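Asks: Letter by letter, the sequence shown follows residues 18 to 303 in the numbering used here.
Simulated from the structure, these hints should not be mistaken for laboratory data. The reader is advised that the hints may include incorrect statements.
To be verified - Ranges of calculated distance between the beta carbons of each label pair, as one might list FRET restraints: (1) K121 to Q146: 44 to 52 Å; (2) Q90 to D117: 19 to 27 Å; (3) P118 to S243: 42 to 50 Å; (4) P199 to E172: 44 to 52 Å; (5) K182 to Q258: 45 to 53 Å; (6) S92 to D117: 17 to 25 Å; (7) P199 to Q272: 48 to 56 Å; (8) P122 to S243: 24 to 32 Å.
Claimed, not checked - Straight-line Cα separation of at most 25 Å, DMTMM-like style, residue types lysine to aspartate or glutamate; simulated pairs: (9) K267 to D207; (10) K114 to D66; (11) K182 to E125; (12) K170 to D207.
Keep in mind the model is a prediction, meaning the values are calculated, not measured. The beta-carbon is built from N, C-alpha and C at its ideal position, and this holds for glycine as well.
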Amino acid sequence: MKKGISPLISWILLVAMVISAGAFITFWSTNFIKKFNPEKGLKEDIYCDNVNLKILNACRKDQHTVVINFSNQGSFNVTSLTLYRATELTIAASCLKFLDPNLKPGGELEYYFNVNNTLDTGVIQECPQINNPATIKPETPYVNEISVIPWIKIENTPIACTDRKINVNSAAANMLCSVPGPASFTINADFQAFYDHISNLGCDFPLDFSFSVTNTGESAGTVIPSYRVFGGRSFSIAPSQQNLNPGETKSFALQVNSFDPLDPLCCQIEISTPGAIETSNKISCP
Numbered sequence: 018m019k020k021g022i023s024p025l026i027s028w029i030l031l032v033a034m035v036i037s038a039g040a041f042i043t044f045w046s047t048n049f050i051k052k053f054n055p056e057k058g059l060k061e062d063i064y065c066d067n068v069n070l071k072i073l074n075a076c077r078k079d080q081h082t083v084v085i086n087f088s089n090q091g092s093f094n095v096t097s098l099t100l101y102r103a104t105e106l107t108i109a110a111s112c113l114k115f116l117d118p119n120l121k122p123g124g125e126l127e128y129y130f131n132v133n134n135t136l137d138t139g140v141i142q143e144c145p146q147i148n149n150p151a152t153i154k155p156e157t158p159y160v161n162e163i164s165v166i167p168w169i170k171i172e173n174t175p176i177a178c179t180d181r182k183i184n185v186n187s188a189a190a191n192m193l194c195s196v197p198g199p200a201s202f203t204i205n206a207d208f209q210a211f212y213d214h215i216s217n218l219g220c221d222f223p224l225d226f227s228f229s230v231t232n233t234g235e236s237a238g239t240v241i242p243s244y245r246v247f248g249g250r251s252f253s254i255a256p257s258q259q260n261l262n263p264g265e266t267k268s269f270a271l272q273v274n275s276f277d278p279l280d281p282l283c284c285q286i287e288i289s290t291p292g293a294i295e296t297s298n299k300i301s302c303p
């Protein structure tokens, strides 16, 4: 009787051990699978395959600043940039630039990167702003490397596309940006219309003469038209000055309130700006 019970107990204990081991393995496997998702990296790779950030050009604005022009030629919004820089004067380190608004597909971005700011190594930090950009031109090349890693966001999860890292050409980063030319102004004045007005209506004061000025230069500038009204006793111009971007045109109005009819150049008007001058022919008051 006892001999029959021992094998039974052994068998029961063996089954219990197998069940316990199976439960442990199942529990461990479940936790492992939860923590390890082989598809996660695969999905990130698939998303990053459609990320295509390009550098259109780069140049050195001053001793502190490298200007980088980016173009998003991929399929996703670029939400952030990791910028790594190494120079002759600073410790190699990186920082994170959040893009607000995001750089959309087909969009372009001009970014001013302060390569001389002190960055802590081994710490994720936001790229510092350029508060006081230098105006000193660099005398020696010292930017050794600048690389950029684009970030995207999928289902509100940030993804760093490290395999899409791009490099700024070090020669370009050490080359001064071309300086645009100065503002240049062109006067657009219809003196004939003013002459016709006087010929038909006479010197019926106040006389209004409108003209415009176009900035044909490469830089923005402020135009303050100068004017002379020969024989004029009272006149004014409005507005007194205008800020014009390259290619922009703005209007002015000159009002003449009285003339001296004995002046031989009665009603003749001259308008000038830096680099341009326009003068009407003699206009005699009837």
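Asks: Work down the list of hints and note, for each, if the structure agrees.
Replies: Structure-based check of each hint:
Range check, K121 to Q146: Cβ separation about 23 Å, and the 44 to 52 Å hint is violated. For the hinted restraint 19 to 27 Å between Q90 and D117, the CB-CB distance of approximately 21 Å keeps it satisfied. Against the hinted window of 42 to 50 Å, the Cβ-Cβ separation of P118 and S243 comes to about 43 Å, which satisfies the hint. Between P199 and E172 the C-beta distance comes to about 51 Å, which sits within the given range of 44 to 52 Å.
Range check, K182 to Q258: Cβ separation about 48 Å, and the 45 to 53 Å hint holds. Here the CB-CB span from S92 to D117 is close to 20 Å, well matched to the stated 17 to 25 Å. The hinted window of 48 to 56 Å between P199 and Q272 is violated, with their beta carbons roughly 30 Å apart. Roughly 49 Å separates the CB atoms of P122 and S243, a value that falls outside the hinted 24 to 32 Å.
Among the hinted pairs, K267 with D207 is consistent with the structure: their alpha-carbon atoms are about 15 Å apart, no more than 25 Å. For the hint linking K114 to D66, the alpha-carbon distance of about 22 Å falls within 25 Å, and the restraint holds. For a cut-off of 25 Å, the pair hint linking K182 to E125 stands: about 17 Å separates their Cα positions. About 57 Å separates the Cα atoms of K170 and D207, which puts this hinted pair outside 25 Å; it is violated.
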